[in-house]
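**Q** Sequence:
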Amino acid sequence: GTAAEPAAASVAGLARHDVLAAYGRRLKQRTRRQQYRPERTRREHAADRIEHTLVAPVPDQHRRLRSTDATAIGCYQGPQRGEHRRGHPVGGSGRRRGGRCPGGRGVLADPTAAMNRHGELHPLAWWLWAIGMATAASRTTNPLLLLLIIAVLGYVVAARRPAQGWARGFRAYLILGLVVVAIRTVFHIIFGGGLGETVLVRLPELRLPEWAAGIRLGGAVSAEGLASALYDGLRLATLLICVGAAVTLAEPRRLLRTLPGALYELGLVVVVAISLAPQLVESALRVRRARALRGASGRGLRAVRSIGMPVLAMALDRAVSLAAAMDARGYGRSGSVSAGTRRLTAGLLLMGLLGLSLGAYGVLAAPEQGSVGLPSLLVGVLACVAGLAVGSRRVLRSRYRAERVDPRSAAVAASGMVAAVCLLVTSRYDVATAYPSTYPLDVPQLALLPVLGLLIALAPAWVARSPTSPDSRATERPSATGAEPTPAVGAGRS
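With my numbering, letter number 55 in the sequence shown gets 43, and the count goes up by one each step, no holes.
Rather than coming from a laboratory, the hints here were simulated on the basis of the structure. Honestly, I wouldn't trust all of these hints.
[Stated by the list, open to error] For each label pair, taking beta carbons as the anchor points, the in silico distance ranges come out as: (1) Ala435 - Pro363: 32 to 42 Å; (2) Arg279 - Ala313: 28 to 38 Å; (3) Leu196 - Ala316: 40 to 50 Å.
The beta carbon of each residue, even a glycine, is placed where N, CA and C say it ideally should be.
From just these sequences and the hints, can you work out the full model?
**A** So, in structure tokens, the structure goes:
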């Protein structure tokens, strides 16, 4: 009995090992199946999201099936209308189906349709609107009209400003406008505020030598000269605010994608330049939040120094990264284009610029000589178009989604052009309203036509859709069957 015990123990150990090994293999297989199911579910969710993006909802007036039958979606159009695709129908249960469609009119959506889904207008629409407002501001010195233009810009920006970080620089442009008005007024007071009869204050005057005749420092400050300086400064500030509104409402990167190939490099430089102010504002806000989290609450020059140095360091890092990215992507390359093509492009563009300059001077400064201005302007436009067409061949770019002009974008651009036309007509036929007199000083007046044009320029506040933040976009997924959007996984529940 003693000799048989070790043998029995070894047999029992082997049996126990076999049982544990079999149980381990079964547990491992079960674990694999449990891990595979969520992955397969995630793949199905990803496929549904892609299909929901590419397929437009079927309108109810075109639907001939029951509301529970989703096989009408995913049909072909044209000769194969009504024939289902071979594969899983969009929105269906996942079974393969074939044959004729009972009459549903499924529509394969344009891939660019999702571009304007969240109220994103064409970027050129906002710029054309802002250019129209800037044109209107340049045709008047009436402070009432200029303040009305600023109010229109501020209201539209407040109503339709996107939630991204690059759209936070409008306040900086307002502050810059105030600084411009203050500098213009101070310079006028110091270097020449004595024109006019109504003297407000007399400052100590510094006599200058004879070779500096016409320039004086200090002296009498008149109400007429001060009003003229305020009007000019307010007009310049309004132009800056128009640019700030365009930068705030239109994403610079999307604007760059709409430029022709010949202007791509120049447009990139301009986009980098106009993006500087929003990036500095965003960097300053990040530094202020970081200082607040650390318990720092200093103000004054010490706070400016503690905020300015990190912002400057971030700007330098961003500039170095941008330069490296531009160099890696071949910015400024011209090896694929012959020297003759480059010379032809440069010559056409130079001819176009000269023609535009001569034509603009002939039309604006000497309208009675229309035989010179209009032909020069036409030749300049044709030369610029030809130069852009030839120069665009050397820049090959691919677009995932092409920008398109929808009716809302056209309406936004047209509203700005209407305001510009109204102010142009007012400046030509109602000079007293557009340019109030400062010598002698008169009270500015308003007219119906410019006010009506500026009120029409408020249309983007209602025509454009409400901006949607990136977080709220992720929580809405449109359904391919035209149902209500379903909340994303992890969205808040009440």
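**Q** Confirm or reject each hint.
**A** Hint by hint, here is what the structure shows:
1. The hinted range of 32 to 42 Å is satisfied by alanine 435 and proline 363, whose Cβ atoms lie roughly 35 Å apart.
2. As the Cβ distance of arginine 279 to alanine 313 is approximately 30 Å, the hint placing it in 28 to 38 Å holds.
3. The hinted window of 40 to 50 Å between leucine 196 and alanine 316 is violated, with their beta carbons roughly 56 Å apart.
Checked against the numbered hints above, the structure violates only hint 3.
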